[in-house]
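Colleague: Residue numbers (our numbering), protein chains in the order written: chain A, 77 to 487; chain B, 50 to 346.
No lab work stands behind these hints: they were computed from the structure.
It is possible that part of the hints are untrue.
Stated by the list, open to error - Taking lysine to any residue pairs in the SDA-like style, the calculated list, with each CA pair at most 25 Å apart, reads: (1) Lys308(A) - Lys280(A); (2) Lys243(A) - Arg184(B); (3) Lys308(A) - Lys198(B); (4) Lys482(A) - Arg184(B); (5) Lys477(A) - Leu112(B); (6) Lys149(A) - Ala107(B); (7) Lys198(B) - Gly246(A); (8) Lys149(A) - Lys198(B); (9) Lys482(A) - Ile104(B); (10) Lys477(A) - Leu106(B); (11) Lys201(A) - Ala107(B); (12) Lys149(A) - Arg184(B).
Because the structure is a prediction, the values reported are computed rather than measured.
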Amino acid sequence: MKKVLCLLMALALALSVTAAFADGLSGELVIASRYTGVQGEAFESIIEGFKAENPGIKVENQTFTDNYEDVMKVNMSGNQLPDVFMTHGWSVMRYKEYLLPLNDEPWAKDIVPGLFGSIMDADGKFYVLPNTNAMTGVLVQNGLLKELGLEIPKTVDEFMHCCQVAKDNGYVGVYVAGKDSRSPAYVLNLMAPSFLLNGADAAKTGASLQDGSFDWTKWAAVNQFLMDLKDKGYMNVDCATADTANQSETLVAKESLFIFQRTSVLIEAWDIDPEADLGFIPMPAMNAEEEPYLVGGESQAFGIWKDSKNIEAAKAFLAYMARPENIKLIAEVCGEAPGLQGVTVDSGNLTPWFEAWANTKVQPWFDRVYLPSGMWAIMRDTGSGLIGGATTIENADQTMKDNYDKLRAQQ
Amino acid sequence: MFKKKAGVATDNQVVLVMTAPAVILMIVFVAIPLVMGVQISLTDWNGYSQNSNYIGLANYTKLFSDPMFMRAFRNTVIYGFGSTLFQTILGVLYALLLQRAFVLRGLTRTIVYLPAMIAQLLVGYVWYFMVQYNRGALNDLVMLLGGTKLDWLGEGNRAVLIIMIINTLNFCGKAMIIYIAGLNSIPDMYYEAASVDGANGWQQFWNITMPQLIPAITTSTLLNLIGGLKMFGLVISTTGGGPGYSTHSLSSLINTLYFSYQDAGYASAVGVVTFVFIMAVSIVIRWYLAKKEAAAQ
Numbered sequence: 077m078k079k080v081l082c083l084l085m086a087l088a089l090a091l092s093v094t095a096a097f098a099d100g101l102s103g104e105l106v107i108a109s110r111y112t113g114v115q116g117e118a119f120e121s122i123i124e125g126f127k128a129e130n131p132g133i134k135v136e137n138q139t140f141t142d143n144y145e146d147v148m149k150v151n152m153s154g155n156q157l158p159d160v161f162m163t164h165g166w167s168v169m170r171y172k173e174y175l176l177p178l179n180d181e182p183w184a185k186d187i188v189p190g191l192f193g194s195i196m197d198a199d200g201k202f203y204v205l206p207n208t209n210a211m212t213g214v215l216v217q218n219g220l221l222k223e224l225g226l227e228i229p230k231t232v233d234e235f236m237h238c239c240q241v242a243k244d245n246g247y248v249g250v251y252v253a254g255k256d257s258r259s260p261a262y263v264l265n266l267m268a269p270s271f272l273l274n275g276a277d278a279a280k281t282g283a284s285l286q287d288g289s290f291d292w293t294k295w296a297a298v299n300q301f302l303m304d305l306k307d308k309g310y311m312n313v314d315c316a317t318a319d320t321a322n323q324s325e326t327l328v329a330k331e332s333l334f335i336f337q338r339t340s341v342l343i344e345a346w347d348i349d350p351e352a353d354l355g356f357i358p359m360p361a362m363n364a365e366e367e368p369y370l371v372g373g374e375s376q377a378f379g380i381w382k383d384s385k386n387i388e389a390a391k392a393f394l395a396y397m398a399r400p401e402n403i404k405l406i407a408e409v410c411g412e413a414p415g416l417q418g419v420t421v422d423s424g425n426l427t428p429w430f431e432a433w434a435n436t437k438v439q440p441w442f443d444r445v446y447l448p449s450g451m452w453a454i455m456r457d458t459g460s461g462l463i464g465g466a467t468t469i470e471n472a473d474q475t476m477k478d479n480y481d482k483l484r485a486q487q
Numbered sequence: 050m051f052k053k054k055a056g057v058a059t060d061n062q063v064v065l066v067m068t069a070p071a072v073i074l075m076i077v078f079v080a081i082p083l084v085m086g087v088q089i090s091l092t093d094w095n096g097y098s099q100n101s102n103y104i105g106l107a108n109y110t111k112l113f114s115d116p117m118f119m120r121a122f123r124n125t126v127i128y129g130f131g132s133t134l135f136q137t138i139l140g141v142l143y144a145l146l147l148q149r150a151f152v153l154r155g156l157t158r159t160i161v162y163l164p165a166m167i168a169q170l171l172v173g174y175v176w177y178f179m180v181q182y183n184r185g186a187l188n189d190l191v192m193l194l195g196g197t198k199l200d201w202l203g204e205g206n207r208a209v210l211i212i213m214i215i216n217t218l219n220f221c222g223k224a225m226i227i228y229i230a231g232l233n234s235i236p237d238m239y240y241e242a243a244s245v246d247g248a249n250g251w252q253q254f255w256n257i258t259m260p261q262l263i264p265a266i267t268t269s270t271l272l273n274l275i276g277g278l279k280m281f282g283l284v285i286s287t288t289g290g291g292p293g294y295s296t297h298s299l300s301s302l303i304n305t306l307y308f309s310y311q312d313a314g315y316a317s318a319v320g321v322v323t324f325v326f327i328m329a330v331s332i333v334i335r336w337y338l339a340k341k342e343a344a345a346q
């Protein structure tokens, strides 16, 4: 009798467990991101929510910070990637070979149309869930701009005039934190469309960048802009060695007028002083005939490794992350616009700026569309070399050309 | 006739078993990566793709016309030999000073040695905050003395010297410990005999201390030299290799070429040359100091 009872209890237990997973998925997902701090907590809460709804799926959340790209490159070299991983703007140019096309996913129809330019390949396939649209322009100390009696600059000349006025009044025109070479590279990358993709030849120049026939002497104008900022004394004295940790402080302390960076720097600044009058403005156009523009594209995006053994579970995770409340959460903690339509985001102090520039032209991140993967590093080195006096414009142009040719050949 | 008992290992077998773990580790973590590194250096591999092409010695021929490599090589020599020279001088001075008995001697030794126990990256960040332009302690001091603020790390050559000085201060404690051990092994009777013969302090130092310290100098020099030639963390945390590429060491350049420039083939070629260079320098120094040691006996 006892044996029968035990058998029945075991059967009941087995049935209940089976019933619990009957409608759900099972498996073990490895998810890689580079979220830390508040963003890390938000992402973790999404994972916890997913696990609660899918008790059969175990999730290992791997977080890498500055070395995320290096870790992913090592993983790619061994063809051993996490099931779900962040593509940080490089889903097509770098990770496509390893990603599963996601065109048929239920959330695909909701993707903000402007994002397709940066996430879709020539075959019309895309490989990520774009949680956000990384919209940025020139970060501005708006209070200082007003105090100096300046209007928002629309052209490069007006921008230079603002920097001159700031300098004349003892302020830094453009703050560059060159210890991290991304800082001068942002100037080059964000301003490149202004100098190269203008006038009747804009499309032709864009095509020449993509097909390898670009005349690299034209790049000198972009490097010259960076050097003009430096040579005219518009940059901070320590532009080659300042730490990025100082960027938000210098804005809050009203020491600097402009910074070429992502809007996340504003979020950090508002953490220091929520009342600081800061914002972002469109990139100045080359002349009055051209339109100022914002720069946007893939940012907090996740894809699925095409050889994953847990593709269904991975798809379920992306579907869960695509829910409006999760998109909203990620967009808000990252200070970026949502990547899916129908999601209303409270971007706090950024909201009026997003609204103000709602109809502004958006250019994709220049290097991600027009340059081969790997050129960002070259821009970092040439930009850093220029402001540090370690190279000349001619050498920097040549370095860009040589590496562009080499990296294109590798593709 | 003596017969070996079954189940009892011979001396050779014991030696084999005891050295096996070290040999296996050397093969797995040194020999195989080295061979693979040489193999990769003959390709144009980008570091992550599943495809690459064999390009022969092209990466090696490119090395010596590449200003970035030449600059990193020059910096590495400065970091390696410069640091070693000053670490030796400071290490010997500290050792002579702190070998004598005085109150708080142990604490003083600990303070001098402590930085050597901290990760280079952290040491670099701390020093960066001291020498940075705005809010840097060094500039505060300069201004206190009526001077003008300076962007200390903003000029390549000056930044290289600053990194070398930081490395020297960071590891001179390690040299000090080796020299204290060396000093303690010198028998007192040598000094007593020299005193009886009327030798002054300088003569005793030059004719007894220095020759007897040669084994310690060999150890310390090799360790410091190899450490300096392999320098990575300090460069990354103080300048990131910049401005431009002006402060890169060979190690930090390899990292940049591999991961940022996506040129794993070329990075491997730099790695192989770095390995050969450090090995050659170590052998020559070891040979020279061994000769000195023999002469001092």
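Colleague: Going through the numbered hints above, which ones does this structure break? Give me the numbers in ascending order.
Modeller: 1, 4, 8, 11 and 12
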